[in-house]
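1 is the number of the first residue of the sequence shown in our numbering; add one for each residue after it.
Read the hints as simulated data drawn from the structure, not as lab findings. Every residue, glycine too, gets a C-beta built ideally from N, C-alpha and C. Be careful, since some hints might not be right.
As the list claims (entries may be wrong) - Derived DEER-like restraints, expressed as beta-carbon distance ranges:
#, residue 1, residue 2, range
1, 59, 99, 31 to 41 Å
2, 24, 59, 23 to 33 Å
3, 97, 177, 23 to 33 Å
4, 202, 104, 23 to 33 Å
5, 253, 175, 34 to 44 Å
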Amino acid sequence: MNSPINIPAQLMNSTISTPAPVVDFSLARAHGACMVVSWIFFGSNGILMARHFRKIRVGGREQLCGEAIWFQIHRSFMNLAAFLTLLAFLFIYTFAHGTWVSKQLYGQRAFTHSIMGIIIVVFSQIQPWMALFRCHPGTRYRTVFNFMHRFTGISALILSVPTIFLGIYFLTYHQKALIALLSLWTVWIIAIFGTFEYIYWRYKSPPPNNNVHNADGGVPMTDISGNGDDPLTAPNVSPIVPGENSPMNNKKLALYLVHFSVSLGFAIAIVVLICKP
1 MNSPINIPAQ
11 LMNSTISTPA
21 PVVDFSLARA
31 HGACMVVSWI
41 FFGSNGILMA
51 RHFRKIRVGG
61 REQLCGEAIW
71 FQIHRSFMNL
81 AAFLTLLAFL
91 FIYTFAHGTW
101 VSKQLYGQRA
111 FTHSIMGIII
121 VVFSQIQPWM
131 ALFRCHPGTR
141 YRTVFNFMHR
151 FTGISALILS
161 VPTIFLGIYF
171 LTYHQKALIA
181 LLSLWTVWII
191 AIFGTFEYIY
201 WRYKSPPPNN
211 NVHNADGGVP
221 MTDISGNGDD
231 PLTAPNVSPI
241 VPGENSPMNN
251 KKLALYLVHF
261 SVSLGFAIAI
271 VVLICKP
């Protein structure tokens, strides 16, 4: 059998007299496609939005459906990333019939891929639950939440790159093209995040002189609802932050849209190669 996905010789030759079974790799391909879309597209865009667009305006507006634009986009994208990551795990779990990858049978690369993959799955599923039960701004443990929320999200994004690279070696087709695309994606993601960090530190505004002590990365998260609710979850209430000046706002939005388009293009191209042997 000419398999499109690497299967160990020990398994292929375990029953010499029995014809090799025809294996349907649809679930394995769906696993790879979901992971690629989750982290190349949704994950990277969601994290960028939370990190660099908390003061963003679109058409002069800072709110969407009663909450900050950045928060609505970040929450939607990261929830979709978490959902697709879980779906990808269920696909590969079903494909493998509930068995773990054996280092002896599949080798070190496959085993490492499985370990890094499960870490991404765990981190992605922790994210929405941490956000749901986060501490109120200004409370004692808010900084702990901030650190853990950022650590798990960024770690999952970083781990996604080598994990997808290792996943390529499961395939027997389009390897060179996939390696080339992922190499270009690695260069791009480093460059775009580096550019946004440079803009952030180069043009960072001094904190407003309003005696608001904030541990959320320079974004005031004051309880403006007056009833102890988190301003991100209180009805019809959103964090009030000073809008960025129009030229910088437009430049950052344009750069974000470039990344949005590039990440979407990479995700589509890689998914097409994965799904078409």
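Here's how the hints hold up against the structure:
1. 59 to 99: 31 to 41 Å: Check failed, 52 Å falls outside 31 to 41 Å.
2. 24 to 59: 23 to 33 Å: Hint violated: Cβ distance 48 Å, outside 23 to 33 Å.
3. 97 to 177: 23 to 33 Å: 30 Å, holds
4. 202 to 104: 23 to 33 Å: Violated, at about 52 Å.
5. 253 to 175: 34 to 44 Å: 37 Å, holds
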